[in-house]
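Given chain A, put chain B in place with the hints provided.
Top to bottom, those sequences are chains A and B. End of the first sequence = 278 in the working numbering, gap-free, step of one. End of the second sequence = 544 in the working numbering, gap-free, step of one.
Hints may be right or wrong, so weigh each one.
[Said to hold, decoys possible] To be clear about the criterion: a stretch of chain B counts as covered by chain A if any three or more of its residues have a C-beta under 8 Å from a C-beta of chain A, and this derived list gives those stretches:
no., region
1, 328–336
2, 384–391
3, 481–495
4, 498–504
5, 526–539
Hints in this document: simulated from the structure, not taken from any laboratory. Note that CB positions come from ideal geometry on N, CA and C, so glycine has one too.
Now for the letters of each chain:
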Amino acid sequence: MNRKYLLIVPVVFFLIVFFVAPIGWFFQLGFYRTGPFFQIVEEFTIDNYLRIFTERYIKLALNTILLVALVVAIDFVIGYPAAYALVKTKSKAFRSLLYAIVISPLLCSSIVRAFGWVAILSRKGLVNYLLMSLGLINDPANFLYKFETVVLAQSHVLAPFMILPIASALQSIDPSIKLAARSLGATRLRTFLRITLPLSSPGIVAGISIISMLTMGVYVTPLLVGGFMQPLLAVQIYNTIMGGSFDFPQASAYSFMLIALSVIFTAILTRTIERVMR
Amino acid sequence: MKKDLTSTLIAIFCGAIFVYLLFPSVVIVLSSFSAAEYLVFPPKGFSLVWYERLLTSPKWVDSTLISIEVAIATTLLTVSIGTLASFALVRYKLRGSAPLLLFLVVPIAVPGIVTGISLLFFFMRTVRIYDTILALVIAHSLIGLPYVIRCVTISVESLDISLERAAMALGADWFRTFTKITLPLIKPGAISGAIFAFVLSLGEVSISMMITGARFTTLPVRVWAYVEWTFDPAVTAVSSILILTAATVVYLIDKIIGLQTTTRLF
Numbered sequence: 001m002n003r004k005y006l007l008i009v010p011v012v013f014f015l016i017v018f019f020v021a022p023i024g025w026f027f028q029l030g031f032y033r034t035g036p037f038f039q040i041v042e043e044f045t046i047d048n049y050l051r052i053f054t055e056r057y058i059k060l061a062l063n064t065i066l067l068v069a070l071v072v073a074i075d076f077v078i079g080y081p082a083a084y085a086l087v088k089t090k091s092k093a094f095r096s097l098l099y100a101i102v103i104s105p106l107l108c109s110s111i112v113r114a115f116g117w118v119a120i121l122s123r124k125g126l127v128n129y130l131l132m133s134l135g136l137i138n139d140p141a142n143f144l145y146k147f148e149t150v151v152l153a154q155s156h157v158l159a160p161f162m163i164l165p166i167a168s169a170l171q172s173i174d175p176s177i178k179l180a181a182r183s184l185g186a187t188r189l190r191t192f193l194r195i196t197l198p199l200s201s202p203g204i205v206a207g208i209s210i211i212s213m214l215t216m217g218v219y220v221t222p223l224l225v226g227g228f229m230q231p232l233l234a235v236q237i238y239n240t241i242m243g244g245s246f247d248f249p250q251a252s253a254y255s256f257m258l259i260a261l262s263v264i265f266t267a268i269l270t271r272t273i274e275r276v277m278r
Numbered sequence: 279m280k281k282d283l284t285s286t287l288i289a290i291f292c293g294a295i296f297v298y299l300l301f302p303s304v305v306i307v308l309s310s311f312s313a314a315e316y317l318v319f320p321p322k323g324f325s326l327v328w329y330e331r332l333l334t335s336p337k338w339v340d341s342t343l344i345s346i347e348v349a350i351a352t353t354l355l356t357v358s359i360g361t362l363a364s365f366a367l368v369r370y371k372l373r374g375s376a377p378l379l380l381f382l383v384v385p386i387a388v389p390g391i392v393t394g395i396s397l398l399f400f401f402m403r404t405v406r407i408y409d410t411i412l413a414l415v416i417a418h419s420l421i422g423l424p425y426v427i428r429c430v431t432i433s434v435e436s437l438d439i440s441l442e443r444a445a446m447a448l449g450a451d452w453f454r455t456f457t458k459i460t461l462p463l464i465k466p467g468a469i470s471g472a473i474f475a476f477v478l479s480l481g482e483v484s485i486s487m488m489i490t491g492a493r494f495t496t497l498p499v500r501v502w503a504y505v506e507w508t509f510d511p512a513v514t515a516v517s518s519i520l521i522l523t524a525a526t527v528v529y530l531i532d533k534i535i536g537l538q539t540t541t542r543l544f
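Same shape as in the complex, but just chain A (with noise of 0.2 Å):
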């Protein structure tokens, strides 16, 4: 047995134990039930998969999806001009600014930046306070609790996940292939649209994907800023737990399912991109 196996037991160890072993042990838990007395039962049982099949599910999931739709969509709209700028950007202390604006807000929790809006978007808020001293509108209007702030929040939340690999891949672009379009008579947007855009086409992709799968499964920035009575399926995933009924061999139906619907639609987001790209 080779000796330097010993370096990654460790890390080995802690993955299993930590992290495959509770997650097998809550996905068996799906297929018991709960007790009158929120204990677990633990008889063989699918009723918790079936209440998946159900009209009141299959909106949520909708709903989550179309979530995931717009936020990728508005990260990209913001996401490839700041990357492109991030890029571009000639100084270095500048481009440094920039990035420092990009990174730190991962660096933060997402409470804070979720909380952030709340500060805008509140009764007596920076929004309100403009419409009302602007005399657009006499009483303070309500912008949170609405499934339209979640998606402001969460894809403001989400950008430089979408930002940063754009970047990445911009930068591994060789600039001659774009001087030479130019230099054949490409006009700057041409040159753009059939050059530089599909050859950064990896980041895009890795962008959408990494936003999708962090969105499908999005609780905390969506509770803070839309309340509990939000339909997005991780909220529901708490509120079975939390709202009372302590349910967690539904919730462990309901989370595994979600992580499918999470994987099957990113993939099927990326494959449509990449069809598009081409």
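The following block gives chain B in isolation, referenced to the frame of chain A:
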């Protein structure tokens, strides 16, 4: 460089995007200096009262200390096991290194709520360490480990193996070479990985929210409680401090490995 209308418009658009990205953070920091009792914009008056309240409030001080303690422990754990693994995976091309590197991403890909509930159950039933510092450290390490390994891997990949060979040829044994030559050379990767692990642990909320008990509440979870239930304007002061910490970390990372390298983490 032709400076025409399109270029200027695009530049303005990009500028607007960056301002938009920065916007909520600025609002929070400005609001934290308000003298009012509630969250209002524009902030009424200038005062440090909320920062004072923070320092004197036992709950906030408690959470801050807990978060820092968990973050330090998480960093030590992830950097130690992560550096060893990273080195072995890159240098020795062990069988199963590619699958392992891929599998490391899984804890980040699985929704936080699922990992959170799984660990909640695990810590209550199997390894009964629910509501302890250790539980939080384990959970945060799952998130931090991939970043540490990724950072150290970048450093190890750029390591010149002939330096180690030279040391060995001059008579140093494996251990001495590792500690005197290899480790100092992968310091940038290890330090940047440590910084990521630390700050990601400080801000971790998705998993922490599910496994946190009444006794050990981390800072982000307490922020959540105070925004969701009873609003405490001290939240703006806490948030400002976290934002400032993130900004400082970004500055440090830039000095150590350069911010552009972080794009390689993806």
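Verification of the hints:
| no. | hint | verdict |
| --- | --- | --- |
| 1 | 328–336 | violated (count 0) |
| 2 | 384–391 | holds (count 7) |
| 3 | 481–495 | holds (count 6) |
| 4 | 498–504 | holds (count 3) |
| 5 | 526–539 | holds (count 7) |
The earlier numbered hint that this structure contradicts is number 1, and it is the only one.
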